[in-house]
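Assemble the whole structure, with the sequences as input and the hints as a guide.
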Amino acid sequence: MRVGLMRVGLMKVGVLKVGVLKMAAGLLVLLLAPAGPASAQAEPPLLADRVAAGELPAMADRLPVDPMIVDLKGQGRALGEYGGTLNMVMGRAKDARQMVVYGYARLVGYDPETMELRPDIARDVIVEDNRSFTFVLREDHRWSDGTPFTAEDFRYFWEDVANNPEISPTGPPIELLVNGEPPLVEILSPNRVRYSWSQPNPDFLPQLAGARPLYLYRPSHHLKRFHAAYADPDRLEKAVEEAQARSWAALHNREDNLYKFDNPDLPTLQPWIVRTAPPATRYTFERNPYYHRIDGRGRQLPYIDAVVFQIASSGLIPAKTGAGEVDLQARYLSFDDYTFLRQGEGRGDYETYLWRTAKGSHLALFPNLNIADAEWREVMRDVRFRRALSLAINRHELNQVIYFGLAVPGNNTILPASPLYKPEYRETWAAYDPARANALLDEMGLTGRDDRGVRLLPDGRPMEIIVETAGESTEETDLLELIHDTWMEVGIKLYTRPSERTVFRNRIFAGQTQMAISFGLENGIPSNESSPSEFAPTAQTQYMWPRWGQYYQTKGQAGAAPDMPEAARLLVMYDDWRRATTASERRAIWERMLEIWTDQVFSIGLVAGVLQPVVVSLNLHNVPVQAIYNWEPGAHFGMHRPDTFFFGAERPRTPDSVLTAAARARQ
Amino acid sequence: MLDYLARRILMMIPTLIAISVITFIIIQLPPGDYLSTMIAEMESQGEAVDPAKIEALRAHYGLDQPMWIQYLQWVTGLLQGDFGYSFEYQLPVSDVVGDRVLLTIVLNFATILFIYLVSFPIGIYSATHQYSVGDYGLTFIGFLGLATPNFLLALILLYFANVWFGTSIGGLMDPSYIDEPWSLAKILSVLEHLWVPVVVIGTAGTAAMIRRLRANLLDELQKQYVVTARAKGLPPFRALMKYPLRMAMNPFISDIGNMLPQVVSGSAVVSMVLSLPTTGPMLIGALQSQDMYLAGSFLMFLALLTVVGMLVSDLALAWLDPRIRLGGGTDR
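Residue numbers (the working numbering), protein chains in the order written: chain A, 1 to 667; chain B, 668 to 999.
Incorrect hints may have been included.
Below, a list of computed lysine to aspartate or glutamate pairs in the EDC-like style, where the Cα atoms sit at most 20 Å apart [stated by the list, open to error]: (1) A:K238 to A:E255; (2) A:K493 to A:D442; (3) A:K224 to A:D160; (4) A:K422 to A:D599; (5) B:K720 to A:E255; (6) A:K260 to A:E286; (7) A:K224 to A:E166; (8) B:K909 to B:D886; (9) A:K260 to A:D145; (10) B:K720 to A:D160; (11) B:K720 to A:E181; (12) A:K493 to A:D373; (13) A:K94 to B:D846; (14) A:K224 to A:E237; (15) A:K238 to B:D749; (16) B:K720 to A:E175; (17) A:K555 to B:E722; (18) A:K94 to B:D762; (19) B:K720 to A:E159; (20) B:K720 to A:E166; (21) A:K94 to A:E286; (22) A:K224 to A:D145; (23) A:K555 to A:D576; (24) A:K422 to A:E522; (25) A:K260 to A:D95; (26) A:K94 to A:D265; (27) A:K493 to A:E481; (28) A:K224 to A:E159; (29) A:K493 to A:E443; (30) A:K422 to A:E591.
Derived contacts from chain A toward chain B, CB cut-off under 7 Å, selection only [said to hold, decoys possible]: (31) P169; (32) R254; (33) P278; (34) Q310; (35) A312; (36) A323; (37) T502.
Computed footprint of chain A on chain B, listed as stretches where at least three residues anywhere in the stretch have a Cβ under 8 Å from a Cβ of chain A [as the list claims (entries may be wrong)]: (38) 751-765; (39) 831-840; (40) 939-952.
Hints were generated in silico from the structure; no laboratory data involved.
The structure displayed is predicted, hence computed values, not measured ones.
Glycine included, every Cβ here is placed at the ideal spot set by N, Cα and C.
Put into structure tokens, the structure is as follows:
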């Protein structure tokens, strides 16, 4: 333990600042451990009977020797009481996995205050040069079934899962490869594991902290029963047959769903364990008796005994929430529901918070630079055209008409909350200026017009742009309706075409779509340590350059290399960023990339910072009134640690001025 | 008669084969497969998917094989009573559908009962009091029921049931009873929730049934035997019930063929809106995510029910109406 703490000082990069708190925490446990009576008092009542009956060890024996001590006071939160059931509603049975998202037990996790990574399941992570990562596990940390969680679980994942040709025919997860190079995995001791590469892998830790995390470990004692190298062949064969699986590997994969959370038999490290096997319309999650986090008084988290997900059709969820049937809800609620939810506050004992979202743009337009039509491709790739389209959108109007003026108009780029933010990133080419837009289009030589006033392409076709949507909400079509009017002023006719999401994507990939409307950048609050991959052609799902993204993803087997110099430069810079060793270097690269991104208007942002209603029961404590609601990074509620939420006496209602502060802050 | 029965049953085999082929083709028609739906969904959530892994999964699920092989595998499974494997739920289809069938039957049976109970008296009244104020009034209400979109009515009733009676929104029982063993309180909770979908699904069906009964009965009431019966002094109620009403019942019997599959799968849209734990939403979900074996087996089951229902209704009609049995129905 000492060694781990000392080595922190060696860290070249300030990603993980373990600091004094951690040291104090370790000492505190040492002091607490012999004090038997104190810890006996802290036994959660739900488990007390089982402990008394001898079915379960006492709390002190269930916790790791050095549990993670959460300083609730320091975070301005209250120390809680055990008990209660947290009711939530989800739209599909698959949403059981949201409990892994909300549980947010990760090797390392984000701290919502600073957006920096901190060790969580791992006691310590020693980073050298972003090339070598040593994980120090907590001593005597246990899976939810009481089996020790050790380096063997890491070894099993790497040797018997990731590198087993039958379980993983495509080899280790692509996230673990750096330019195709697999990591060197060393098991240093029963609680020390090292992953290292010859080149830096700055994405590694953020991926471990993801909403859908990269798992480096598996509950090996459970899964070995389904692994041909360990299990008794006859019994394995029988199990495969019973489960109607195609092979033992298929059965293994079916059992091995740490993220999907659909297997009550699979041990977990999350604060709550799934107790219901699908299919069901109600999922119960029960507290994990071996969870590794405790509060300052020595009470084991989570405070709340059980979580229940009721499955209902997603359209009914706002209504159910408004009727007071849930204790905490944000998923499936959108800003449109806000007035209804506020109105229902009288009937259900809850209040509605507004959290900020962190997408670069709530929705953005993506001109397809890989469109199959050569004439249109030429036009789309002309930066003047993209700038003109952006200038011809009245974002103020969109904001007022659809978002009650509560969103932030601007480009699809980083938000003011990001340390890299500069106002010009958001504002350049984003003011409503039809005259300038017209001038740009005239300059391109698109001066011919038909009798409707629609400009003509060089080959005489009218400039009619079909914007495709995934057809899931009317919000997109409403926005396009408004954009249609202002684009018409510059002589471009817009049509809307909703389709099903799969069809929508496949048409974009095939270059049949002229323009798409979809979500903007996922991470609008990056720091220089966050990967700028969204700003370079690195994924097929970047709808402005699907083919270039595919080329990168498949290492050149499919798609095409970027043949626009600016996009190619972004890609080079992205690779530079990955190789950069100092923070200042990374920051400089980020800034250069953002400049190109702003100048080139590859995607046309509309409004950002749309608010997310979060409904919280008046009996539920410790839920922040103002916070960030984001998938990556953040894991929605996860980053705010639902294991510290608790049920207590009814809170007085928060004054309106505090509830709506986030909304008013932007006016 | 036995000969007729045998012929009808033999005819069902090619019908079902044809249906199975068409079902399978239609399910496969939309571009992509279950995996592409899954990827799209994951990516819309901001989750990255490794293309190579998807290819491996495709092979794993057998989705890379030609369509006719997939079809043959599915059909041979069906013949052996194996409905296939649901990708979405990662379970055999029979396990997925299992629990929902009971509640669906309860719901749809209650709905059919509601339709009959409401439409019979109204239909008879409308026919016997043709063009009266009551006839017009009830017809008007019936049409209103037919014209109101089901889902809208469902939402309105749901809201008022919650505000006035405190009924929990959606579902067929209070959330606290889900997964509990059956008890009196649970049954009461189901009854408390059942009336909304029953009324909603019933209103449209009721209007249609009233019109049909009224028209049939009007036809019969003008026939000479009714006039004769009345002239001979038969009490009016008996003169109505004994013959004309029985004749007017034929369409109800021939409806059985449609009703059987409806009892199992009907009212999918309302069930979606009300979030009922019935088979309808499951079928729609399976079709949306291209969970082909779940959807396919489901549709096949419905087809089988329709074909059997048709047979039953034909047999019942022949038994009920001597004209069909003897003359092949030429006098109608």
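Outcome of the hint check:
For the hint pairing K238 of chain A with E255 of chain A, the CA-to-CA distance comes to about 15 Å; that is within 20 Å, so the pair holds. A hinted pair counts as satisfied when its Cα atoms are at most 20 Å apart, and K493 of chain A with D442 of chain A qualifies at roughly 16 Å. Restraint check for K224 of chain A and D160 of chain A: satisfied, since their Cα atoms lie roughly 9 Å apart, inside the 20 Å limit. Under the criterion of a C-alpha separation no larger than 20 Å, the hint pairing K422 of chain A with D599 of chain A is consistent with the structure, at around 13 Å.
Distance hint between K720 of chain B and E255 of chain A is fulfilled; the C-alpha atoms sit about 18 Å from each other, no more than 20 Å. The suggested pairing of K260 of chain A with E286 of chain A holds, with an alpha-carbon distance near 16 Å, which does not exceed 20 Å. This hinted pair checks out: K224 of chain A and E166 of chain A have alpha carbons roughly 14 Å apart, not beyond 20 Å. A distance of roughly 15 Å separates the Cα atoms of K909 of chain B and D886 of chain B; the hinted pair therefore holds under the 20 Å criterion.
Of the pairs offered as hints, the one joining K260 of chain A and D145 of chain A holds, with about 18 Å between alpha carbons and a cut-off of 20 Å not exceeded. Pair hint K720 of chain B plus D160 of chain A holds up; C-alpha atoms about 17 Å apart against a cutoff of 20 Å. Taking the CA atoms of K720 of chain B and E181 of chain A, the gap is near 17 Å; set against the 20 Å cutoff, the hint holds. For the given pair, K493 of chain A sits about 18 Å from D373 of chain A by alpha-carbon distance, which is consistent with the 20 Å threshold.
Among the hinted pairs, K94 of chain A with D846 of chain B is consistent with the structure: their alpha-carbon atoms are about 18 Å apart, no more than 20 Å. A hinted pair counts as satisfied when its Cα atoms are at most 20 Å apart, and K224 of chain A with E237 of chain A qualifies at roughly 14 Å. At most 20 Å may separate the alpha-carbon atoms for a hinted pair to count; K238 of chain A and D749 of chain B meet this at roughly 18 Å. Pair hint K720 of chain B plus E175 of chain A holds up; C-alpha atoms about 12 Å apart against a cutoff of 20 Å.
At roughly 16 Å between alpha-carbon atoms, K555 of chain A and E722 of chain B fall within 20 Å of each other, so this suggested pair holds. With a CA separation close to 16 Å, the supplied pair K94 of chain A and D762 of chain B stays within the 20 Å bound. Distance restraint check for K720 of chain B and E159 of chain A: the Cα-Cα separation of roughly 18 Å lies within the 20 Å cut-off, and the hinted pair is therefore satisfied. Of the supplied pair hints, the one linking K720 of chain B and E166 of chain A holds, its CA atoms being roughly 12 Å apart against a limit of 20 Å.
With a CA separation close to 18 Å, the supplied pair K94 of chain A and E286 of chain A stays within the 20 Å bound. A distance of roughly 15 Å separates the Cα atoms of K224 of chain A and D145 of chain A; the hinted pair therefore holds under the 20 Å criterion. A C-alpha spacing of about 17 Å is found between K555 of chain A and D576 of chain A, which places the hinted pair at or below 20 Å, so the restraint holds. Between K422 of chain A and E522 of chain A the alpha-carbon distance is near 18 Å, which keeps this suggested pair within the 20 Å criterion.
A threshold of 20 Å between alpha carbons decides the hint, and for K260 of chain A with D95 of chain A the separation of about 8 Å falls inside it, so the pair holds. This hinted pair checks out: K94 of chain A and D265 of chain A have alpha carbons roughly 17 Å apart, not beyond 20 Å. The straight-line distance between the Cα atoms of K493 of chain A and E481 of chain A is roughly 11 Å, inside the 20 Å bound, and the hint therefore holds. Among the hinted pairs, K224 of chain A with E159 of chain A is consistent with the structure: their alpha-carbon atoms are about 12 Å apart, no more than 20 Å.
As the CA atoms of K493 of chain A and E443 of chain A are separated by approximately 19 Å, the hinted pair is consistent with the 20 Å bound. Only pairs whose Cα atoms come within 20 Å are accepted, and K422 of chain A paired with E591 of chain A is accepted, the gap being roughly 9 Å. Nearest Cβ of chain B to the Cβ of P169 of chain A: about 5 Å, under the 7 Å cut. The hint holds. Below 7 Å, beta-carbon pairs count as interface contacts, and R254 of chain A has one with chain B at about 6 Å; its hint therefore holds.
The interface hint given for P278 of chain A holds, since its Cβ lies 6 Å from the closest Cβ of chain B, which is under the 7 Å cut-off. The beta carbon of Q310 of chain A comes within 5 Å of a beta carbon in chain B, closer than 7 Å, and the hint placing it at the interface holds. Evaluation of the A312 of chain A hint against chain B yields a held restraint, the C-beta minimum of about 4 Å falling below 7 Å. Proximity of A323 of chain A to chain B holds as hinted, the smallest CB-CB distance being about 5 Å (cut-off 7 Å).
With a least beta-carbon distance of about 5 Å to chain B, the hint placing T502 of chain A at the interface is held under the 7 Å criterion. Three residues within the 8 Å Cβ limit are the bar, and the stretch 751-765 of chain B against chain A gives 8, so the coverage statement holds. Chain A is given as covering the stretch 831-840 of chain B, and this holds because 4 residues of the stretch bring a CB closer than 8 Å to a CB of that chain, at least three being needed. Coverage of the stretch 939-952 of chain B by chain A holds in this model, with 7 residues showing a Cβ closer than 8 Å to a Cβ of that chain against a need of three.
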